[in-house]
Structure formats: C-alpha cells, structure tokens
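Participant: First to last, the sequence lines map onto chains S and A.
According to my numbering, the first sequence is numbered sequentially starting from 23.
According to my numbering, the second sequence is numbered sequentially starting from 18.
It is worth saying that the hints were derived from the structure and are not from the lab.
Certain hints may be false.
[Claimed, not checked] Pairwise CB distance ranges (calculated):
no.: 1; chain 1: S; residue 1: Lys31; chain 2: A; residue 2: Gly44; range: 25 to 35 Å
no.: 2; chain 1: S; residue 1: Arg34; chain 2: A; residue 2: Lys69; range: 42 to 52 Å
no.: 3; chain 1: S; residue 1: Arg113; chain 2: A; residue 2: Arg178; range: 28 to 38 Å
no.: 4; chain 1: A; residue 1: Lys69; chain 2: S; residue 2: Arg113; range: 34 to 44 Å
no.: 5; chain 1: A; residue 1: Ala96; chain 2: S; residue 2: Asn103; range: 19 to 29 Å
no.: 6; chain 1: S; residue 1: Glu67; chain 2: A; residue 2: Tyr100; range: 38 to 48 Å
no.: 7; chain 1: A; residue 1: Ala168; chain 2: S; residue 2: Arg34; range: 50 to 60 Å
no.: 8; chain 1: S; residue 1: Thr192; chain 2: A; residue 2: Asp73; range: 17 to 27 Å
no.: 9; chain 1: A; residue 1: Ala96; chain 2: S; residue 2: Asp142; range: 47 to 57 Å
no.: 10; chain 1: S; residue 1: Met23; chain 2: A; residue 2: Phe55; range: 20 to 30 Å
no.: 11; chain 1: S; residue 1: Glu152; chain 2: A; residue 2: Glu60; range: 54 to 64 Å
Every residue, glycine too, gets a C-beta built ideally from N, C-alpha and C.
One letter stands for each residue in the lines below.
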Amino acid sequence: MFDRRADLKTIRRCKLGEEDAFQEILARYRAPIYNLCWRMTRNDEDARDLAQEIFIKTFTLLDRFDEQFAFSSWLFRIATNHCIDHLRRHRLRFLSVERDGGGDDEEAEMQIAAVGPEPDVELERREALERLEEVIGELPPHYRVITLLRHDQQLSYEEIAESLRLPLGTVKARIHRARNMIQQLLAARKYDI
Amino acid sequence: MNDQHSGKFPHLDCAECERRLQDYLDGGLAKPESMQIFLHVRECARCAAELKRLEDLVALLEALPAHEPPRDFDARVLAAVPYASYRAMARLRRARVPVFLEADRLPAWIRSPAVRYGGLAAAAVAAAAAVTDLAPAGVLAIAAVGLVPEAATLLQGLGRRVALAVGQPRNGA
Ligand SMILES: [Zn+2]
Chain S
23 MFDRRADLKT IRRCKLGEED AFQEILARYR APIYNLCWRM TRNDEDARDL AQEIFIKTFT
83 LLDRFDEQFA FSSWLFRIAT NHCIDHLRRH RLRFLSVERD GGGDDEEAEM QIAAVGPEPD
143 VELERREALE RLEEVIGELP PHYRVITLLR HDQQLSYEEI AESLRLPLGT VKARIHRARN
203 MIQQLLAARK YDI
Chain A
18 MNDQHSGKFP HLDCAECERR LQDYLDGGLA KPESMQIFLH VRECARCAAE LKRLEDLVAL
78 LEALPAHEPP RDFDARVLAA VPYASYRAMA RLRRARVPVF LEADRLPAWI RSPAVRYGGL
138 AAAAVAAAAA VTDLAPAGVL AIAAVGLVPE AATLLQGLGR RVALAVGQPR NGA
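Assemble the whole structure, with the sequences as input and the hints as a guide.
Facilitator: Quick look at the structure:
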C-alpha cells in the first residue's frame, strides 16, 4: 500500500534537514494518520492534536528509525501507541463525552433524515456507516486500532504485525475477535448491517 | 453448535466451518480447506448467512468515509521540525570521513579490477625485465605507472579505516 523505497529516499533527505522532504512525508501520510486519530477519538480537535503530535514526534526521532523496517510501519506504530496512551489518559473524559454526545448524534441524524430527499438505499447505507463508526468507537482501544489498520488503512496482516511488533497469529486472532465484537455490538443494539 | 450437516460433509461441521470462516474470508486458507468451506456454505444456509454477514461487515468497514484534516494542519508540525540540528548532524556524519576518503572520490576506472590487476601485471613484467638485463629508465617508469591504481585504492581504503577508527563510533539505529 505504501511505497517503502520512496519513503526511505525521502526520510534520508529529511535527515539532511531538507524542508521539502518533511512536506512530502506529510503529503503522503497526513490523511491516513489523521483518519486513524479521528476514528480513535471521534472528535475533530483531538484528532488534529494527536495527529500533529504524532508527526512532530516522528520528525524529531528520525535518527532512531531503523531502516530495515518500512517507514510506514514505524509511523503507524508511533501513531498507535500515541492514540492508545491518549485514550488511557483521558478515559473518564472520553466516556462522558461519548454519553453526552449520544443525544446530539441522534438529533443530527433525524435532521438529516428530515431534510434530505435522498434515495432510501443511500440513506440506509449512510446510517449503517454511522452506526458502524459508533460501534467501532466502543471497541477496546487495541481492538479498535487493529481493525482500523486492517480495514481503514488497508494494511496487510504482515504490515500490521511489523507495525505493532506482534506475531502474525496474534494479529489475525485480534482482527477476527474484533469483527466478532463489532457484530455482537451491532446485534445488541438491534442494528442490522 | 448445530451439526445437522455433519452427515453430508463428514470433514466439516458447522462449528468447524464457523471457526474457519474468517480465515476463509481473508483468503488465508489452503486450497483444500478453502474448498471444504465453499462446499459447506453452498449447502448450509446458516453458515452461508454467517459468511454473508461477515462479508457485508468487511465491505462496510472498507467504505468508512474519510475525515478531512484541517487546512492549516502542516504549519504546526513543520514549525516544530528541528531542521538545524538535522543539518548539523548531517555535517557531523559527513565529517566522520574526510571527503577525499569517500569511496566514490576515486574515478571508477581506477577502482575497476581490470585496471588494477592489469597495472599490477604490467608492473611485474616490467620489473622482471628491469632486473634481468638492466633495462633503460623507461621500463622502470612502466612498472611505477602500473602500480598506481592498486596503490591509490589501497591507500584510500586504509585511510578510511583509520579515519573511522579515530572518529566517533558508528551510531546504531
Ligand atoms: Zn453450517
């Protein structure tokens, strides 16, 4: 998915202090990292802060990057750890935001439904995606991140194993488990996908 | 769970099918195993429904809408990059070996084995001739020129090793 050779070339230029090279890395990874952070926090502000911190951390630690691994794996590893740390630190606040946010979401959904002369299929699909996002937000952080790396970032099992430094079997088992949990959560809310 | 189909497919009951369904979905099964699932699912409505649910879930997961990072996202990141220290470190890294000791400072043709060994051979022949019949100075000059490529390569290599040993130790990743 990510071009390992091109990344390595750019990173070597970063290490020479070339400003363009940092911009290139941002252009390649800004969206994936931001999206990962958004889905981990479900909040624009937190996603922006986390994603920026992840890049700052990455860009100041480049001398520790081991070139035998893919840069993308290293970056996703830093991102994963950073997001999970953040969720741990803010667990209480996070839970209360989730609870408060529930009503607003429903209202917003109803407004959209009232305004839009959208075709039923399209609307149903969008609602399904919204429910799915909501349910993903309820997975334990480790399961959430691994699901996102696989299905949102489309990393292979091998790339995930390299990123998270986990055995391939563990990666598979966690992704399978996460999918089962998502189905159970959807079923528990009587959501049908 | 429900094994009502285990008679028809002795190798695979529903519980076993369900256990392997995710691997099947990911394309992670060997051909015969994958075939077993394929056949079981074709006959068993319950497992087929389970597979369909999983497929729909994966399709939906991969269709999650993207969220746009704010326009001014890069500014804060780029402002925090320690360009100066990277440039300083790059200079240090380069300074570890003086420029004339960099491997590619010698023209490639001097380093090529053909030139080096050819030169050595020419030098040896000329030296032999000089020893046997006290040849004119020209023959000795040929011997000297023949030795040049090998000597240059050897000296540079030696110099690099000394410079690296004296300079700071190689830093790991
Ligand atoms: Zn079955």
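Participant: So, for every hint listed, does it hold in this structure?
Facilitator: Cross-check of the supplied hints:
1. S:Lys31 with A:Gly44: 25 to 35 Å: holds, 32 Å
2. S:Arg34 with A:Lys69: 42 to 52 Å: holds, 48 Å
3. S:Arg113 with A:Arg178: 28 to 38 Å: Because 56 Å falls outside the window, the suggested range is violated.
4. A:Lys69 with S:Arg113: 34 to 44 Å: The hint (34 to 44 Å, Cβ to Cβ) holds, given that Lys69 of chain A and Arg113 of chain S are roughly 36 Å apart.
5. A:Ala96 with S:Asn103: 19 to 29 Å: holds, 23 Å
6. S:Glu67 with A:Tyr100: 38 to 48 Å: For Glu67 of chain S and Tyr100 of chain A the Cβ distance comes to about 28 Å; the hint is violated.
7. A:Ala168 with S:Arg34: 50 to 60 Å: At 33 Å between Cβs, range violated.
8. S:Thr192 with A:Asp73: 17 to 27 Å: The hint (17 to 27 Å, Cβ to Cβ) holds, given that Thr192 of chain S and Asp73 of chain A are roughly 26 Å apart.
9. A:Ala96 with S:Asp142: 47 to 57 Å: holds, 48 Å
10. S:Met23 with A:Phe55: 20 to 30 Å: At 28 Å between Cβs, range holds.
11. S:Glu152 with A:Glu60: 54 to 64 Å: The hinted range 54 to 64 Å is violated for Glu152 of chain S and Glu60 of chain A, with Cβ atoms some 36 Å apart.
The earlier numbered hints that this structure contradicts are 3, 6, 7, 11.
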